[in-house]
Every structure is written in C-alpha cells, then in structure tokens.
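> Residue numbers (the numbering used here), protein chains in the order written: chain H, 1 to 277; chain B, 1 to 291; chain E, 1 to 436.
It is possible that some hints are incorrect.
Stated by the list, open to error - Computed list of lysine to aspartate or glutamate pairs in DMTMM-like fashion (alpha-carbon distance at most 25 Å, straight line): (1) K162/E x E44/H; (2) K337/E x E58/E; (3) K162/E x E274/E; (4) K325/E x E17/H; (5) K121/E x D360/E; (6) K433/E x E56/B; (7) K121/E x E111/E; (8) K62/E x E330/E; (9) K166/E x E44/H; (10) K51/E x E222/H; (11) K42/B x E111/E; (12) K433/E x D180/E; (13) K415/E x D61/B; (14) K193/H x E168/H; (15) K325/E x D117/E; (16) K96/B x E187/B; (17) K42/B x D180/E; (18) K70/E x E222/H; (19) K89/E x D5/H; (20) K256/E x E134/B; (21) K436/E x E58/E; (22) K191/E x E44/H; (23) K325/E x D351/E; (24) K191/E x D171/E; (25) K255/B x E138/E; (26) K322/E x E181/E; (27) K295/E x D193/E; (28) K162/E x D382/E; (29) K51/E x D58/H; (30) K70/E x D139/H; (31) K166/E x D180/E; (32) K42/B x E233/E; (33) K162/E x E181/E; (34) K96/B x D5/H; (35) K42/B x D117/E; (36) K295/E x D58/H.
Source of the hints: derived by calculation from the structure; they are not laboratory data.
Chain by chain, the residues:
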Amino acid sequence: MERQDPYQPHGLALTLETIGAWLLALIWILPLAYAVWTAFHPPEFSTRFVLDAPLTLDNFRRALDAAPFARYALNTFLLVTTILAGQLILCTLAAYGFARYDFPGSGLLFALVLAQLMIMPDVLIVENYRTMSRLGLVDTIPAMALPYMASAFGIFLLRQTFKTVPVELDDAARVEGASALQILWRIYIPLAKPVYLAYALVSVSHHWNNFLWPLIITNSVEARPLTVGLQIFASTDQGIDWSIICAATLLSAAPLIIGFLLFQRQFVQSFMRAGIR
Amino acid sequence: MKRFSLAIQGWLLILPALSVLMVFTHWPALATFIDSFYSTPKGRRPSRFVGLSNYEQMLSDPVFWKAAINNLIFVAGTVPLSIALALIMALWVNDKLKGRTALRMAFFTPTILPMIAVANIWLFFFTPQYGLLEQITGLFGAPSWPWLGSDKTALFCVIIVAVWKEAGFFMIFYLAALQQISPTLGEAASLEGASRWTFFRRVQWPLLMPTTLFILINAMINGFRLVDHVFVLTHGGPDNSSTLLLYYIYEVGFKYWDTAYAATLTTVLLATLALIAAIQYGILERRVHYR
Amino acid sequence: MTQDFTPHRRQVLGGLGALAAGTALGTPALAQGASEISFFYPVAVGGPITKLIDGFAEGFQKDNPGLAVKPIYAGSYQDTIVKALTAHKSGTPPVTSVLLSTDMFTLIDEEAIVPFDDFIKTDDDKAWLKSFYPAFMENSQTGGKTWGIPFQRSTIVLYWNKEAFKEAGLDPEKPPQTWDEMTAFAQKLTKRDANGNVTQWGVQIPSSGFPYWLFQGLTTPAGAVLMNPAGTEVYFDKPEVTTALQYWIDLATKHKVHPPGIVEWGTTPKDFFERKVAMIWTTTGNLTNVRNNAKFPFGVAMLPAQKRRGSPTGGGNFYIFKKAKRAEQEAAFKFIKWITTAERAAQWGIDTGYVAVRPDSWDTPAMKKYVADFPQAAVARDQLPVSVAELSTHDNQRVTKALNDALQAALTGTKPAATALKDAQTEATRILKDYK
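Bound-form chain H, shown alone:
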C-alpha cells in the first residue's frame, strides 16, 4: 500500500496548505480552548488572557457543589446507551426489511420513515408529553429515549449499506437453511460494522447534548441528564458567569472528548470503511 499520491502537495504548496489548515483549526478549536482557559482560572481572568494568571480548580468545585454531576453523568450514560441500543435493533431490522424485501407498500413506508428526518421532535413536545403521561413514563429514562429510538437517519444509512451486500451471499445462506434473522446476524451486521461504529458516534454525540425534551419530561435528579443540569448555569437572569459555565461544560463534555480522543483513529477509519454517502 506504499503508493505515492501524485496530488499530494509538495514544497511551498504543502507549507501554504498546512498553514491554512492550522489557521482554520485554530478558529475551530477556539471555543474549546476558551472553555479550558476560563475553567482553570479565577473569574476575573475569563476576559483577560495573560500568561501569569493563577490556576485554580475553584470553578469546578463550584459547579460540582451546585449539581450532582456524577448522577447526571450516569443518567446521560444510561440515556445514550438506551437510545443507541434501541436504535441499533430497530434500525437494523427495518433497514434489512427495506433493503432486501420487495413487498407492496414498501416504497410508501420508506417515505413515511424518511419523513421523520424532517420532523423536529421539539415541536411535537406537548403531544408526546401526553403520550408519556398516559404510559406512566414521565420522569424516567425510557421516556426521554423512546421518541428517538426509531431513527430515520439510521434506517437510511443502514439500508444504503445493506444494499451494497451482494445478494448472492443471501441466497447461498438461504440454501443452507438459514433464516432471515440468521442471515442478518451472520452476514449483514458483520459487514456493516464500520457503519454501526460511525452511526454510534453520531447518535451518542447528538443525544448527549439534547436538551429541550429531557428538560420537559424529567423532574428528578434520578432521571435528569447532564445538559439539563448544565442549564442552571446558563440562564442569564443574574448575568453570565463564564467561569462556571465553562467548568460545567468541560465536566459534561469530558467523557465525550476523552472517548473521541481515545477512539478517534478507529472512528475515522470506520467512517472511511463505512463509505457513507
């Protein structure tokens, strides 16, 4: 695989491109860099960037004092795993159905699924709240998770992937007497692994940061996720205290940032192998 890309830039072009890329990256990383700076310095340095500013963990202490972050983090973890588990199961089944079964009405059903891409759950809150209270699920993690469990994005993505699997593999397995679910499990899912990983990344980072629906549907510390806990710092009634917001932001985003740092190579590679288009 040691082939030379003839369009890999050299010399001056490479230097210019590197500078451009780093400048852009600098702008992109700025909010995070600012959050790190402000979280670790006293409030009076939240607007002043001098090298001899004293370091402090006080902002983290204030944030941790104000909210049970450990509990919120656990809830968020449970929430995103519940959603992801639901999505993986439901979307896999549906995507397989759409990719490999031709039956009356499948086109219409697929259009119905795609419709969800456009419908913001945020505008359906009142109706969904009513459903949850009829189901007796208000203030539980399943209530936060259920509306997102069937994801049109996921079904779409997996259907595209499954369609690229040669039908011959299917037929061969069927001849050997494998059932539809066995074929799905043995052939399709292993082949789509990179897509699953890529999708998981997108899903987790999206639901980790979802706010309005969890706020409305949960009441107690036992159910609330990090974003809702974060909100108490972001409200501007008394003016904005950037120090504590930044500390809280880092606390709540830390698991994601660390996770991405650790697995970024796998993620990018899986995206590449996934061939998402």
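Dock chains B and E against the given chain H, drawing on the hints supplied.
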C-alpha cells in the same frame, strides 16, 4: 405463497421501528396538522373548527414573513459555506499534513460540545469592547461595534456559529468518501498531465456528488432546525432581525401558548422541508442507481 | 382519533417493555401519598439556591409531619412555565410553582391556577394576605382576587463605580438624582482613547431579551402608566412614553454616553466589573453577584427621577394549580404561608439578594444586622413605595413582545421613537381586542 410469506417477513422487520415512528412522530405530526384548522382552546372557550383562518393570520403576520426571509438567508448562508468548508477541511486532512490527527480533532470538536453552553462562549466572543473578537480588532484600532446588538450583524453572527457547528461534522462524510476514491485514478490523471484543480473538478468532485447530495439534504434540514444558539445569542432580536422559523414557532407555542397558530406554522415548516427533501431525495436515489 | 392508535401503543409497550423495565432507574422512590406537594421552582440564580429551597422543604416537613414538599428544579422562568403548562395541559400539573408575576393573566386564561381567596379562612390568613408590600401585590391581584403570593421579587436599581466617579471628578458618594444629572454625570464618565474609541461608557441600560422592563424604569419617572389593572388596555403611544424612549435613544446617539445598539442583559454585570461602564441599570437580584465580583467600591441607588421617582417590580410569585387535588392545594397553601413568614422572607432576602417581600421582615433582628453591614441592600426597600407593577396584560408575552420589538427598532435606529410606539400600540390593541 413464497411471495406472500416474504411480504409478511418484510412487514415484520419494519414493524417495530414503524410503530415507534407512528406513535412519536407521525401521530403527533398528524395531530399538529389537524390542530392547525382549529382555534386555540383558552380556558372557558373550547377549540372550534376555523378552517383556514389560522393560515390567513399567518399570511398577514409580519413576524412570520420576517422569520421566513431570515430563514432563507440563514439557509443561503450556512448551507454553501458549511459544505464548502467541510470539503476544504476534508481535502486538507486527506493530504499528509503535519498533525492531521490533531486537525481532524479540532474540526470535529463543535459536534461534541453542547450547543447551549457553547453559545454562551460565542456570546463572549461577540461581546463589544472586551469580547475576544474586539480584543483582536482593537489591536488594530478598529472601532467597537455591537455585533449581536445591531440589526445589521445579528443574523450574520448567528450564521457564523451555525457554520462552525456544522462544517466539521460534514467533513467526516467527505473524508470518508475521499478515502474511497481509488488511488489509481490519481495516478492515471497525473500521467495525462492533469493539474490538481482539473483532477478535483473532473474526477474527485463528480465522485463526491452522492456525498454532496447527502450532506446537502442534511444541511438544508438543519438550516431549519438549528436554533439552540439563537436562544442564547440574540433571542431573535433586535426587532426580529435574527428570528428563525423554528425559534418563532417556539415563541408562539411556548410563550404565547397559541397552540393552534404554532401548529399552523409547524405545518408550513414541515411541508417546506418535505418538499425540499422529496426533490433532493429523488435526485439522490437516481444518482445512486446510476453508479 | 386517539383510540385508533391504542393497538400501536400496546405493541410498542410489548416490544420495548423489557428494555423499559431494565432502565427504569428514573422512577423516584417516594411515597405517593396525597400529602406530597410537587413544587416547580425556577433555578435562575445558580447552585446554592437549590440547597436553600431543599432546606425549606425539609424544615416544613419537620414542622408538619405527614406533609412533604418535593421541589423540582426547572431551569429558567421560561423553562419552568413551559414545563408547568405542558404538564397542566396533559392533566398532571405540579401542585404549586414559582413563576413570573407577569404570567398571572396567562395562567388565568389557561385556567391553570386557583385564586388564594379560596383558602383564606381565619383572621390569621387574612392578616397574612395583607402583610406584603402593596407594590408587589399589584402584579398578584386582578378582578378582586389574589392569584399569586410574592416570593422572590426584585426591582431595578442603579449601580455605580465609586472609583470611576472619583477619577471623573465627581463625588463618589452621590449618585445621579435626576435624568439631567445622569446625562451630565455620564458625559464626565465617558472616556475615549486617542482614536476616539470609547474605553469606558457613562451609563448602560440593557435592552436584550426583555427591554420593556428596564424601559418601565424610564416611563414610570416620566409619568406614564403602561396598562390598566385589568390587563385589557395598554398606553404605549402616550407622549410621556415617547419622551422616555427618546431619552434612552439620546443617551446613545445624541449624548454618546451609552453603548449603541442593543445592550446584552447577560453581559451587563461583567461590563461593569470590567470597568467598561461606570453606571449600570440592573436587577436588585444582582446585588450578591456585584458584591462578590466588583473589584472596586460600588454604590446602589434608586433610579433617577424625572417628573417623579419610580421603577417596576419584577420577579416571581407562588401559584397554586387548579388540577391538583384539593388536599394537595390546601397543603401547598400551608407551605406558602409557612415560607413567607416575616423571618423566613427576611432570611431568603439575605441569602439570595431578592427584596424581602414584607415590611415586617425588615424589622427582624437578622435583617437589621444585614442592612447595618451592607446598607446597599436597603435601597430596593426604599424604592418600593414609588415602585409600580411590571407590564402585564392578557396574552402577556405577545403584548410585551410588541413593545420589545418597538423598543429595539427605535434603539437600533430603524424606526423613530414615536412611530415605533404607535405600531406597538396598534399591534397590542389588536391582540387585546378579544379580552375586552
């Protein structure tokens, strides 16, 4: 008989996902559509059928038109800009630059950070005088300007933050597609003496087309969905100059509690999105089939 | 219509039942007695407040065995009313909640709340109802009934930087008393660098989000009243209102002592700490924040006078929800009465910076000691006799939005003051015609 059993199997596979969608998306959306033909129930006055009068109210509502126009500007600003930046980022980190792992990380950070918190950080960047932006422009003696507090720049700031949030996410998709382009194509093109620009325009860009369309759909839809930061940065102000449709729907629904009118606006927004998606999906499916 | 979908729901439950059961950690393990009062509370002031409220809930339970208050922290005021009304519309509202005093008409129109008069029985109850500052009750009563009980209330005051006053050659102990004085002081306090760029503004009145509230700090001294007590009429196009708006505009455009455009509410205290502005208008609720973060001596003053003195009140009231059970409502009433005794109101004011809502709170030993140490805290109290109700009408948020838009249009220079206010008046009259 076999055909019939296959159809049943297909249905059974789709049923679980579809039931969830029905209960939590289609049913509430349908209820919203129906609500748009009724008046808002207010205490003693129950809701009654009013036909199209909510839609008439909408057509004569200047804030709706303002929000609609702003939203078009917002889409016109965010979609091409974030796609172009995503492509440039992907082309860059696809080359063997120094520290490209770090670059990928940097471009991807907006996706991981919660928008509510990040919007507060951007608020600081845009703050006149001591905000980060003016600390930098101030070095050059530029005069101060109320970036978020002026009707001339507020929407612009809201667009910038959205582009920042989106571009890195889309980059990942382009990067994946670029990596799939066979290296032999590059070798062949260089043998024919094609310039890098020609190679991009004639080979890479056409091959990226399906990805571009996929991103385009998502970017357009996000252009109507992405409003979290408006709550923090401008509250739609000054004088509605940065109001977007979904933000206005939130205001009508959860501040004015005019649920029928909110349902009307929602219906119009959903219809617009459905139209965009239907057109684009038609194109996308055809492209994918042709390959 | 709903019936048709029941089978689907069953299937969903069947399919996901196991999953739901596996993750149903969220269900609170609290006794579901009729005596538990769910209490939505807007945490809009940061962390330590939740501990105070938890403390109150525990204290109440100790004093009233068998009754339990369960505080539910719901974010900002806006988040809280969204949560409360969404729950109300689905049939399961909280028993009581603290919401903005200006939400009274909205809550009445939604038939979400019950008046307190239903619970007033004894002489003690009657005396309690009369124990609050009349300025706070203006936003709590309408149509001869009391719908809200003042709890965390505030008003607008002027904060000034004494160091900046000294540098400008002003007496650091003398805040501006009139509009003319404020303009004159602000002119001396505005500093420019060699390029003519302003490095310190004289005065700043925030105008993002809810400019109407701060605007009332101008209209009241100008002698204008913005609405009738029934909440069915507004008077935005009166000449006094235009005068007030023109003064605000002139501060920025004519005198050039106030930042141009819309000034962000959230960054205003920080602007003050950063010495980018020498005088700010903001809520008394910022007192503790300013005390902790200002690195210079500061003063707190009543808003300057024009024809008279005056400021609007603001902040939150207790409400009792209609769909709660009678026994729960009674218990909530008991809790509200318990938490607003003179001593507790005083302690709450000291701990949070809100204005203690009863005159007799200020005679308690704890409050006397606090005021002796920190005299700035008493300014809000002294301003209360001249304070007026915050703008509140039927369809409140829509009417205030009409005014907010007009104010922002005038402040950014897109419309002249009189035109903008006339437009707002037309729009508000149109909205309110259904309530006549």
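> Output the numbers, in ascending order, of every earlier hint that fails for this structure.
Structure breaks hints 4, 12, 17, 19, 21, 23 and 26.
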